[in-house]
Structures are given as C-alpha cells and as structure tokens.
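Under full-length UniProt numbering, think of the first position of the sequence shown as 1, with each following residue one higher.
Keep in mind that the hints were calculated from the coordinates and are not lab data. Don't take every hint at face value.
[What the hints assert, rightly or not] SDA-like, lysine to any residue: derived pairs with alpha carbons at most 25 Å apart:
id	residue 1	residue 2
1	K51	P75
2	K122	F59
3	K51	M177
4	K51	C82
5	K167	I80
6	K81	P48
7	K122	C152
8	K81	F59
9	K122	C82
10	K81	V155
11	K167	V49
12	K122	S76
13	K122	T168
14	K122	I80
15	K122	F157
16	K51	E124
The structure presented is a predicted model; accordingly, all values stated were derived computationally and were not measured.
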Amino acid sequence: MSMCIEALGIHTSSSRFGSPAAIVCLRKRQEVALFLEGKEGSGAGYDPVEKQYKVLTWFDGFEEYQVLTLGIGEPSWRNIKCCRPHLHYPLYKGICINGVLYYVGTVTGLLKDFMVVCFDVKYENFRFVEEGDAYLRLVGVTQRNEIVLATCYAVPFYLFYYNMERKTIIRLQIQGMEVFP
C-alpha cells in the first residue's frame with residue numbers, strides 16, 4: 001500500500017516486492033518514526049477527535065493486526081482483533097478521511113473477491129464494503145466525501161462511488177471502454 005498525505009506528513013508503503021515500511025513525520029512535533037520488522041504492510045491514519053496519529057500494520061497472513069499510537073509515551077504495538085481476516089491488496093494506495101483509513105482488500109489473496117476495508121482510527125475496528133469479483137483500485141475522493149473506486153482489467157468498466165456517511169455504494173458503467181485493451 002502506498003499512501004501519502006502531504007499536509008499531515010504521513011507516508012506509508014508496503015510491497016510484496018520490497019521491504020515494507022511506515023514512515024510518519026509529525027512536523028509540528030518534529031518527530032520521525034520508522035517502522036520495519038517484517039510487517040507485511042501498514043497504513044497510517046489520524047483521529048481528528050483525539051488528535052492522535054496511529055499506524056496500522058498487518059503481517060504475512062490474514063489474522064495478525066497491530067496498532068501503534070504515536071506521541072504517547074514509549075512506542076509500543078498493540079494487537080487488535082479483526083472480525084474478518086483479509087489481506088490488503090498492496091498495489092494500490094489507501095487514504096485516511098475523517099478518522100477512517102480506507103484501503104482495498106481481498107479475502108482470498110487472489111485477483112478477485114475485492115472489498116473496501118474501513119479501519120476506524122479512533123475505535124480501532126474494521127468495517128467492510130464488498131463489491132464481489134471486481135478487481136478494484138482506489139482512484140480518489142469527491143468534494144462530497146465519496147470514495148471513488150474503479151475496476152481494472154474488466155469489461156465493462158465501472159466506477160464506484162462509496163458514500164461514507166450513508167454507507168451506500170453507487171455503481172456507474174462507463175460505456176465505450178471496450179475499444180481500449
């Protein structure tokens with residue numbers, strides 16, 4: 001996963017082809033933390049209510065998740081439970097909006113069964129938005145705070161708009177994409 005929030009100074013990366021890392025730079029406090037140690041992937045988020053930065057990591061496998069709260073005493077990882085084991089799909093970035101880290105995940109680790117994973121930074125729990133066999137990637141966010149996802153390598157081509165407040169998803173088919181390989 002790769003996520004960069006320039007204004008907050010957060011950059012996380014994860015790759016099955018290189019060393020996973022989470023680098024968090026808190027410019028106001030002049031703190032820099034670098035985390036490696038064999039983690040499969042990581043994501044960083046900010047809780048605007050408690051004004052805390054947190055790093056979520058997962059290990060190679062489906063069931064081990066840890067959270068680190070930054071700026072509070074000695075850094076220590078806490079194990080957290082997830083009601084649904086999943087893998088983060090590492091080729092596409094995630095994004096943290098209003099205290100929720102969103103990223104694309106899969107249950108099987110294969111190029112199918114994709115879903116949007118929603119990690120609440122404050123409460124440290126997960127929600128899932130499923131979209132079946134669609135091979136999804138995160139495109140961005142609209143001005144109305146809808147997360148935009150797109151299918152990859154699929155005909156027909158779809159855009160998905162996930163409304164975070166109503167927890168609804170709209171699927172929009174884009175016609176004419178068949179001519180592009």
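Hints, one by one, checked against the model:
no.: 1; hint: K51 - P75; in the structure: holds (17 Å)
no.: 2; hint: K122 - F59; in the structure: holds (21 Å)
no.: 3; hint: K51 - M177; in the structure: violated (43 Å)
no.: 4; hint: K51 - C82; in the structure: holds (24 Å)
no.: 5; hint: K167 - I80; in the structure: holds (24 Å)
no.: 6; hint: K81 - P48; in the structure: holds (23 Å)
no.: 7; hint: K122 - C152; in the structure: violated (32 Å)
no.: 8; hint: K81 - F59; in the structure: holds (13 Å)
no.: 9; hint: K122 - C82; in the structure: holds (15 Å)
no.: 10; hint: K81 - V155; in the structure: violated (37 Å)
no.: 11; hint: K167 - V49; in the structure: holds (21 Å)
no.: 12; hint: K122 - S76; in the structure: holds (17 Å)
no.: 13; hint: K122 - T168; in the structure: holds (22 Å)
no.: 14; hint: K122 - I80; in the structure: holds (13 Å)
no.: 15; hint: K122 - F157; in the structure: violated (35 Å)
no.: 16; hint: K51 - E124; in the structure: holds (14 Å)
Checked against the numbered hints above, the structure breaks hints 3, 7, 10, 15 and satisfies the rest.
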